[in-house]
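Novice: Here are the chains, one letter per residue:
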Amino acid sequence: MSEIQVKEEGGGKNKQKKQQLRVDFTPMVDMNMLLITFFMFCTTLLTPKTMNITMPTKDDTLTDEEKTKFKESMAITILLGANDEVYYYTGMIAEDRSSYADPDFLKQSSYDADGLRKYLLERNNEMYAVIQDLKTKKEKQQITEAQYNLQTGELQKKAIQDTKAPQIMIKPTDLSTYKNTVDALDEMLVCNIGSYTLSEINQGDTYLLYMKTGNTEYLSEEQKLELNKAK
Amino acid sequence: MAKVKVKKQSTFIDMTAMSDVTVLLLTFFMLTSTFVKNEPVQVTTPASVSDFTIPETEVMTILVNEKGKIFLSLEESQANIVETLKRVGEDYGVTFSPQQYDVFKNLKSFGVPIGSMVQFLDLPKDARDSYLREGENTRVGIPDSDEALSDVRGVVSAGKNEFKHWVMHARAVNSDLRIAIKADKLTAYPIIKKIMDDLRELKENRYLLITTLKTASSE
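From first to last, the protein sequence lines stand for chains A and B. 129 is the number that my numbering gives to position 129 of the first sequence; each next residue is one higher, with no gaps. 82 is the number that my numbering gives to position 82 of the second sequence; each next residue is one higher, with no gaps.
Extracted from the complex, chain B is given alone in its bound form:
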């Protein structure tokens, strides 16, 4: 019997084309996407046909989740952010140490009653994130009511609508600051009405409602 000759075949696969494709995809993703912001609450914004892009600086975003908890994020110079905190603190008789100011100016977003702010700023970074994620806690979210709020651990908020004070001082520090409302699409209207009423009382009548672009498929 003749010997069966085993043919030796090279298994080298040319990856150049594959590499081309992946590089293209990578470029696409890098150019079109934006990084997910680390926000304390995940909100799904409603879709709209409006196609104005939001300004990247000089914006104060009011983040509202489904249950009406309010968080704020300030996108402006650090000096202004510190000044805002200082003024709000003065209103409520709270003073902060330089370290606490340092922590505050690097915060992406915040949302605790001013009474808990000192305690909050003293927490390590990871603990702060998880603190804000405790959505049910009364010590999370900026109180927007004139009524005093308290829980088992004592007084949470002395009333006087802290949300209004934040907006008032942020606008006083930087008059170019624009106000954007980013609310979950399932938020009940009375919650939004309360926020808009508060803003209107401060004579802030122009705001940006953050939405996502409506595509043909979502219609």
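Next up, chain A with everything else stripped away, as it sits in the complex:
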């Protein structure tokens, strides 16, 4: 391969001389190997990606009308617990406190494909298909990114008005990790859910978790005091 045959043709009488030119590539390979090792050690292949989130404004001056209203039948609350556990319930906690005693009200789930995702897809199947359709169109470049954003925005808005799409509240407890939060937000992306917020956990939710798991760590300081008093 690395041989070049040089034919030298002299005068008529001279014999044809055949010379072989061989280039030794070994040092070249050595150098390349060194460079490869350098790149492998000093670089990362993982390019960081980001997830855009918009938090609701922390503003007490908002009137009730400005606040996003959740329709009870369509509301799903996801509670992120300790040790990568995840729980969810639909609707609201009943005012007569019957939800606390009902073992089926708060359901345990998981971050696996057949856990939370399965349930959310079930609830969101109509919208999921429509948006997935738009997504493939965008990938095939039949519509632009801007068109995609506009259309999905409108569809999701309409679905919420018609109470066809679930509205989700993600409430991480103090015992959960950052990874859990990102995982939960991820499920929203996978299931094409248009309306979700990351919100703060309240006393009702912590009590619900306590009743379900028996773990007093979920309770707020106030609730712990009350519990001790009751004992």
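Keep in mind the hints are simulated off the structure, nothing from the lab. Every residue, glycine too, gets a C-beta built ideally from N, C-alpha and C. Take the hints with a grain of salt, since some may be wrong.
[Claimed, not checked] Covered stretches of chain B, as calculated for chain A (at least 3 residues, CB under 8 angstroms):
1. 22-32
2. 183-194
[Claimed, not checked] Distance windows between CB atoms, simulated:
3. B:K125 with A:K137: 45 to 53 angstroms
4. A:A82 with B:A17: 55 to 63 angstroms
5. B:Q78 with A:A94: 56 to 64 angstroms
6. B:T95 with A:T197: 38 to 46 angstroms
7. A:T213 with B:K125: 48 to 56 angstroms
8. A:T197 with B:T44: 24 to 32 angstroms
9. B:S130 with A:G91: 50 to 58 angstroms
10. B:D129 with A:M211: 49 to 57 angstroms
11. A:E200 with B:F52: 24 to 32 angstroms
Given the coordinates of chain A, work out where chain B should sit on it, guided by the hints.
Specialist: Below, chain B alone, put in the same frame as chain A:
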């Protein structure tokens, strides 16, 4: 007995093919990889399916390690970086020399209480890196609490939530600046909540959460 003829064989191995392969590999690595950033703390970001790439400039990255130490890195023009430091310094009554500004604008990331900033900037480069690596030290990490902080060597932070001041001034200097949160996946949620609450109080409601792309194998 007949003489055994030792055959002389050439041991020349043709390296051309090998060279071709290595050059290909090299090209692949050069094109697909990015250099490891020298960050004071190593964080493992959580995986996600989201595939937005982060903008390379005009970003302020809030680096949070497992224990909740905060470091900041500003990717914007040097003039803006210097202006940010100047404004934060004014808030706390700290002034810097031109040399210190010079050092600061070339910093990849920083994370010391403003009270120790002068001292930190006067250190030689290697000493600065090792200083930031002392994770347990109370003099490392930007304080984000309103309570005053002190250790055996005296006052570390006079309170007034320095983290909030940094974000506030960085955004005031450059309104196009975007905020990215890069936290370790094992960080407890209350730490993240505190940071998000601080940002929300500043009316910063949009941020980028830095994640790595989830591959089929990691699911």
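Novice: Does each hint hold? Answer for all of them.
Specialist: Comparing the hints with the structure gives:
1. 22-32: n = 7 at 8 angstroms, threshold three: holds.
2. 183-194: holds (count 11)
3. B:K125 with A:K137: 45 to 53 angstroms: Distance hint for K125 (chain B), K137 (chain A) holds at roughly 52 angstroms.
4. A:A82 with B:A17: 55 to 63 angstroms: About 56 angstroms separates the Cβ atoms of A82 (chain A) and A17 (chain B), which means 55 to 63 angstroms holds.
5. B:Q78 with A:A94: 56 to 64 angstroms: Holds, since Q78 (chain B) and A94 (chain A) (Cβ atoms, about 59 angstroms apart) stay within the stated range.
6. B:T95 with A:T197: 38 to 46 angstroms: holds (43 angstroms)
7. A:T213 with B:K125: 48 to 56 angstroms: holds (51 angstroms)
8. A:T197 with B:T44: 24 to 32 angstroms: This hint holds: roughly 27 angstroms between Cβ atoms.
9. B:S130 with A:G91: 50 to 58 angstroms: holds (55 angstroms)
10. B:D129 with A:M211: 49 to 57 angstroms: holds (50 angstroms)
11. A:E200 with B:F52: 24 to 32 angstroms: Check passed, 26 angstroms falls within 24 to 32 angstroms.
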